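Chemist: Protein chains in written order, with this note's numbering: chain A, 1 to 232; chain B, 10001 to 11110.
Simulated from the structure, these hints should not be mistaken for laboratory data.
Watch out, some of these pointers could steer you wrong.
To be verified - If you anchor each label on the Cβ, the simulated ranges turn out as follows:
id	chain 1	residue 1	chain 2	residue 2	range
1	B	Gly10888	A	Ser79	50 to 58 Å
2	B	Leu10607	A	Arg130	20 to 28 Å
3	A	Pro36	B	Gly10734	38 to 46 Å
4	B	Ala11046	A	Ser79	57 to 65 Å
5	A	Gln123	B	Gly10734	52 to 60 Å
6	B	Gly10734	A	Ser79	39 to 47 Å
7	A	Pro45	B	Gly10995	58 to 66 Å
As the structure is a prediction and not an experimental result, all values here were calculated from the model.
For every residue, glycine included, the Cβ atom is placed at its ideal position computed from N, Cα and C.
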Amino acid sequence: MNETHPVILLDGVIKRYEDDPAARPVLNGLSLKAAPGETLSVVGPSGSGKTTLLNLIGALDRPSEGKVFVDGLDLAEQSDADLARLRNRRIGFVFQLHFLLPQLTVLENVLLPSLAAGTNSEQAENRAIRLLNRVGLQDRLHYRPANISGGERQRAAVVRALINEPAVLLADEPTGSLDRASADSLTELLLELNREEGVALVVVTHAENLAERMGRVLELRDGRLIGKEPVS
Amino acid sequence: MNGWSLSWRSFQYYWRSQLGVLLGAALSVMVLTGALLAGDSVNQTLVDQSLARVGRADFIFNSGERFVREQLAADLMTEAVVDTAPVMRLDASAAMPDGKRRANQVQAFGVDDRFWNLNGVDSAAMGDDDDPGVAINERLARTLGVDVGDAILLRVEKPSLLSRDAPLSTAGDSTAGYRLTVRAVLGDAQMGRFDLRANQIPPHNAFVPLHWLQSRVERPGRVNLILVKNHEDNSLGAADLNAALKKTWKLDDAELETVEVANQPWTELRGGRIFIDPPAASVAAELSPRAIGVLSYMANILEANGNRTPYSIVSAIGPLHSQGAAPEWVPSSTGAVNVNQWLADDLGLHSGDSLEMTYFVFGPMRNLVERARTFTVGEILSMSGPNLDRSLMPDFPGISNAENCRDWDPGFLINIEAIRDKDEDYWNQYKGAPKAIFALRAGQEMWSNRFGSLTAIRVPSDEFAPDQFAQRLRDALDPASLGFFFTPFRAPALSASRLAMDFGSLFIGLSFFLILAALILLGLLFVFSVEQRGRETGLLLAVGFSPRAVRRFYLREGVFFSLLGGVIGAAAAIVYTRVILWALSTVWSGAVASAQIHFHASSRALLTGVIGGVLMSLLAILFAVRKQASVPARELLNAGLDAGAGGTVSRMRRGWLTLAAAILSALGAVGMAFTADVHNAEQAAGVFFGVGSLLLISILACVRLLISSLERSSRLAARSIAALALSNAARRPGRSLAAVALLACGAFMVIAVGANRQNPLQNAEERESGTGGYALYADTALPLVYDLNTESGLNQFALTRDDVGTIRVTAMRRHDGDEASCLNLNRAQTPRLLGVDPEEFAFRGAFSFAGVMPDMPDDNPWRLLNQTFEDGAIPAIADQKSMMWAMGKSLGDTVEYIDGEGEPFKVRLVAALNNTVLQGSIVIAEEPFLRKYPFETGYHVLLIDAPFSRADELKILLNDYLSDVGIEAMTTRERLAAFTAVENTYLRIFLALGGLGLLLGTAGLAVIVLRNVLERRGELGLLRAVGFTRSEVRRMLLVEHAFLLAAGLAGGGLAGLAAALPSLRAMGAQAPVGELTFALAGLLAAGLFFVWLASRAAMRGEFYAALRNE
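My request is simple: use the sequences and hints to build the entire structure.
Modeler: So, in structure tokens, the structure goes:
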């Protein structure tokens, strides 16, 4: 863990979904640090705030109180456009459902974030093809999502998350909709890519076997991290 | 891949499942383009008709009642090197020989090959001078039901040298009838539509051989129209032609001649029209300082010393310049008279005796007014001196050529019994040598009239020989001052058709609701499609697309939908336009006054329609997606379809904004209603829609607030099914509001149509109504010169007071011009002018006024016609609708005319009538009318005050007995109904197109119901699972959507009612409360039926499955 440059830093984060300050927060004074290339999993019962935490790290939501830093940027100081840019360049998402656009081919789906980034299309395409080759989808480049398996879709979604070389890869129940074999395969893939790409990996999951494969396991209960992560 | 290709891929993927969106876009393009193409077709048809009307003639010389030499056309051809065609145009009537079918307003044209050649058509078969026939146009053939080979009776006006209004003119034998065989029936391409006035309704035309017609009406070698075709390069202007005319015209064209006075040292200017036209007299007088003027007249009785001499020619003579001198036998005092010895003997007169002279002057309608004046006898003149000059008498028609006094026909009834043998002897011996001589000023005080104040001008023969005098006069006199001038013919005709009502815009206006409904539906369906792809939106946001970029992505997709819709819509527009044109020629023919409209598609209209339609679709899509992607990505990714429902974004702020919109719109509506100039037609329509739209916005904003309040009170929803239903209506406020807006627009339209439907026949018998309290309106082809209010006037048409009963006729003079009513689609540039005695209407309180020019007294606007303006404009009154739509004018505007002397003048519109039988014309006072058109004879328009119960009977009677003057009498109710039919047809079109819009509106509501149910299948499944019955769930859906339905209908109805309030309060408008209530109830019932049907269809199948899927 790089103490000087955490890629993720949460400090005293409180998150409420009601305007009322007296309302019970979903996250209650949560603090967290993650170094570049680190892997960690967040576990906890339903309603404990796992997805909310992921949304805050992924710049999809803002905290009610406290600070969230991603890749050194204070998210509170960023405009919506800056946050969109941050999500595009520095964060990758993998969801429980693949959310591939049915109208696009696998390759085009993977290239979607590069379109938002406005990056060189040839470069992006080369990288997309290389990554798709890497995850074994070289024969599926021009297939539509409807014509490939669930595991293949989720692998394509992982490649899409990595296309812009993010600093952080966030995965929300990435194996939740897969069978056991596909889930294991995807877990391996995520860890390999974490190593190869040097991307910090945060996984929210109920699956213990997936959680245990991460470098750190954080447990969320009643909006607080319990035990396994030292609070700074 | 770029943004466009991404959107293109999405479009390719989704278009089949979004056929509704495509249909909406195609529909808006189709309706918009179709409206423009229909407008294009109407306008092009009008242009084609105008070209058919004028043929190839570029300029026209129209001398009206005056007839110039036919040779003038040939002289002009040589002088200006142009093609010319002389034509004799006479008013006529035509009938079947058995009289069963008749056309009263017929134009008889005497033409020859020059006419056909100039217009580039083969000579029509009309026979020749020896074997005359007639070529008639298709409309006349249809009216009479005749074809080639059939015989018709053509009754033509027999032109008089002198206006039949003029003193001492004859009025008898004013028409002559001929039985002719139809040799040809002419279509538009054969000049069948030839007409001097702009109107899309073809005239009744009959073409006969020129020389035959000239000889029959006793005007050989004379014509009153000359057509001129411009050079190929259009290098000739009207000014060039008028310059050529100035070089080629002769005094003979003005019926003037110069002669040597027998045995006297004078050269005389005299005319065939009795009186020398004032412009000619004025120029002639200027030529010699020693010129003297002569004014001869007929005295009814000269009486002195108890003796009476009947029917004598008398003359007033005097110098025309102060330095001139009258002959010594002319008295210098206006109170003196010199008499010849014969008269002195007859009356026993001596110098110093008093002599009383009685004479007639002509009032309006040839009403004779007998006047008397007493003079003191000066000299008794010998029977051998220069005073015994029979040439002092002009060529009085009916007198000059009479063999004896008993054959005189001076234009009024003379008492033959009073003529003695000695009078006959005098006539035989001295003819018209005057028996009494007055000073010129005295004569002019008695007998001056609008036709002139001199019957001859004499200049010393040592100064001018006749030829010299004629030459000098011709050179000095501008022929335009006599009404001889060329005016452009083709250009104004084309301009009238091009300035015609913009039917494209009109149809767009009429299709407003249909287009709006299509766009709302398009927007709704597009939003549904975007909402359905909520997770896709969420993903795009999550991977770094900004909300704006996501909206752009959907908008680009919308571009493809709109473009494809544009292509489909353009193709459909061709079919749609043809359907509209078919309707315009059948069920909606009233809107175009039965004109046959031909399909015409210009690339400009097509492109404008498609581009406009595509842009409107894009705007609808832009509006629809403006809030998309504003929901956080996390919500979209988690909730997908449900994301954003009952959103919580700045409720308070939105509430205030909505409240502000409601208040501002309402204030705007009130402000507009109070500040707009309702007398400006275009503004009035704009005000109706403007006020209506603002009120609609205000009401919709209130509905939005209501929906918000339901949203806030949704916590109480569980207390009853109805409360639950209402809270559901608040679930998707935008969607609910769209449904309410669709229905509100429909209700607004129903009210608008109902409220604006006019019934001008309401209170028709009242004087302030559109009929003016008159039961009949009549137009005559030939001038009416008799007063039908008198027994003698009626007798002229073999009618008696017993035949007609109690009637009072208000007669109006007419200067023909463009029909300026809604029956003419062309822009009326110089509308028909009517001259009336303002007191007739003022005293009667006839008609009601829609408005008076600012700063003018409005206690009795008819009296404004007697006002004068500093700029010389003549005050005028016109019907508001004519003013607005046919002329494109407002109160205070002026219309330019050319007077009888070729001088331009203006009439200023000082007051607007409220929907009357006078639509189509501009009314001015008779006095300025006669000043500007002194040669217009008689009266052509009659308003007849009679019991309305006898209107039909009188109509038949007048049409029968006054057929010689080509009368077309109709009841005022019929005339008003004809005008109203046009307006009501437009309302029918509006209703029909709006009906299609309503169909879309209800379809939209059904789609919303389906959508709401499908989206909430899980929720509904839950309700079923917890014990709600299927009918309870259905009832909940029904209540939810019935609320939207009721809100829409009530909102639109209220806005429509408020906007239509002025119309409802207007005279003649009858609030069809029952009809409107029925229509709104029908809409409500139809809407409920669709809601029920949609909810039933959507609730088919098992909801528990949906619950499991949740």
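Chemist: If a hint holds in the structure, say so; if it doesn't, say that too.
Modeler: A quick look at each hint next to the structure:
1. For Gly10888 of chain B and Ser79 of chain A, the Cβ-Cβ distance of about 55 Å falls inside the hinted range of 50 to 58 Å, so the restraint holds.
2. Between Leu10607 of chain B and Arg130 of chain A the CB atoms are about 49 Å apart, so this pair departs from the stated range of 20 to 28 Å.
3. Take Pro36 of chain A and Gly10734 of chain B: their Cβ atoms lie about 44 Å apart, and the range 38 to 46 Å holds.
4. The supplied range of 57 to 65 Å is broken by Ala11046 of chain B and Ser79 of chain A, whose beta-carbon atoms lie about 44 Å from each other.
5. One distance hint, 52 to 60 Å for the beta-carbon pair Gln123 of chain A and Gly10734 of chain B, is violated here, with the actual separation near 42 Å.
6. At roughly 26 Å, the beta-carbon separation of Gly10734 of chain B and Ser79 of chain A lies outside the given 39 to 47 Å, and the hint is violated.
7. A C-beta distance of roughly 60 Å is found between Pro45 of chain A and Gly10995 of chain B, which places it inside the suggested range of 58 to 66 Å.
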